[in-house]
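Engineer: Chains as they are written, first to last, in numbering that gives the first Met the number 0: chain A, 0 to 275; chain B, 0 to 275.
Nothing false has been slipped in among the hints.
Label pairs and their computed distance ranges (CB to CB):
hint, chain 1, residue 1, chain 2, residue 2, range
1, A, 47, B, 265, 51 to 59 Å
2, A, 265, B, 258, 44 to 52 Å
3, A, 193, B, 33, 48 to 56 Å
4, A, 5, B, 1, 56 to 64 Å
5, B, 1, A, 265, 51 to 59 Å
Simulated from the structure, these hints should not be mistaken for laboratory data. Glycine included, each C-beta is placed from N, C-alpha and C at the ideal position.
There are 2 protein chains.
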Amino acid sequence: MTSTLSDYSRLCIHTITTKPWSLEEAVTRYSAAGVRGITVWRQALEGRDVVAAGQRIRDHGLSIVSLCRGGFFAAATKKSRSRAIDENRQCIDEAVLLGAPLIVLVCGATPSQSLAESRRQIAEAIAALAPYAAAANVRLAIEPLHPMYAADRSAVNTLSQARAICREVGSPAVGIAVDAYHVWWDDRLEQEIAACGRENRLFAFHVCDWLTPTADLLNDRGLMGEGCIPLRQIRGWVEDAGFRGFNEVEIFSDRLWKTDQGRFLEAIKAAYLAHT
Amino acid sequence: MTSTLSDYSRLCIHTITTKPWSLEEAVTRYSAAGVRGITVWRQALEGRDVVAAGQRIRDHGLSIVSLCRGGFFAAATKKSRSRAIDENRQCIDEAVLLGAPLIVLVCGATPSQSLAESRRQIAEAIAALAPYAAAANVRLAIEPLHPMYAADRSAVNTLSQARAICREVGSPAVGIAVDAYHVWWDDRLEQEIAACGRENRLFAFHVCDWLTPTADLLNDRGLMGEGCIPLRQIRGWVEDAGFRGFNEVEIFSDRLWKTDQGRFLEAIKAAYLAHT
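Excised from the complex, chain A in its bound form (with noise of 0.2 Å):
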């Protein structure tokens, strides 16, 4: 059995997870919650100075775990593609400023082309920024989605098809985020997160939670504990996978976000030590 967590000294929030909040409160209100990590949602930023955001953000003792969310390289014409690239370098340069050392990446699909061939695109444009983002110091994490998301939000949808963009990219700078609601119902998931780990891959861990039911394909996502995803027994595999880095607190819901944020605080602290 996995141990229980004692304290939030792993525990990381999305700035999406407080929608709500300007960048500024959710860095105050974690900070004072103890909460020691945030991952940034690049429309956080908009209107910032980013390398102060960054400064601020470190100045309240959090630390800045990733930047979300770099991707989107499938797309149906060669022009498309290349722009997509060129935005993530963008990408890469404002984690850089932000003092961020992960970039996420969602990494697209689109309906007008097959999952196979979006795939491609998206292993040779990570190709393309890998050695950009290596240079930058700056890592990048593919995040398999839901396979509900195939269509037009991520081809890649198991961790297996992950690892093979990896391989194929072959570039250390290129690793996986596994998250616990895109992956859970996957049967092979155990030996997948080992071998992510195995070959030095496991770069992020994201948890939520799956409702019954589940009324919107996006915004609809528990707090840990209020769903069927067993938390526990997933981080306990990543941790055998050996990794040591923060537990991500990453959740979309139309449903919480219209709740006291400053509540939802406390019970995302209360969740994570009873769920997680």
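We have chain A already, so just place chain B on it with the hints.
Structural biologist: The following block gives chain B in isolation, referenced to the frame of chain A:
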């Protein structure tokens, strides 16, 4: 390239697809439209003499392709699991009365237990039912459901898992229904369909389409051609695997159920030739 379909000799429609119609109206309309097969959903039989319903269907020149649906075997208590087996025996009895040679199984899942445990219970239940089905000359088709239904509808989410259960049960009465909506995202789809064929497990083939965006997890399926599933390619794989049965149109759509069902039936026929 898979050749196009040129007639309706293998077109089957599920009664749920035209849910606003009673069974009687569906039978009359399908028959008049030249549709040759029907899959009957059990709720369409409610309050009816099942033997007479089967006779009426055959009198209209329609083949009864299957009865939808049995299953829901996974449950937390032994009592609930026993009840599910009893209910599935009744479903087999109903198939005999109707004259349906096949029952489609939505195997079940429950958020309170692991997917592996649910699959174990599913295999156990199907093994218990297989002799009864075989004696009644009714076949059982395990339908893997999309992973977005893993929490509460089916812990069988891939053809690979369905094949494993078929092997474990080891009865020629137990096979698989391939529904393109549920499995189109699987990067091993072609090989898995071929394996189903080699193992004599390919009992049924269902089509509809995946919409972008998908507004509802259950009832927002598309008509063939409205979405991104490569249906003709998948039909080709199914036929390469030796399948010569009906192509069954099974669409759950709040949007399409609200439209004139006569026009919808014409649209199904056109989409069947153009996109399946």
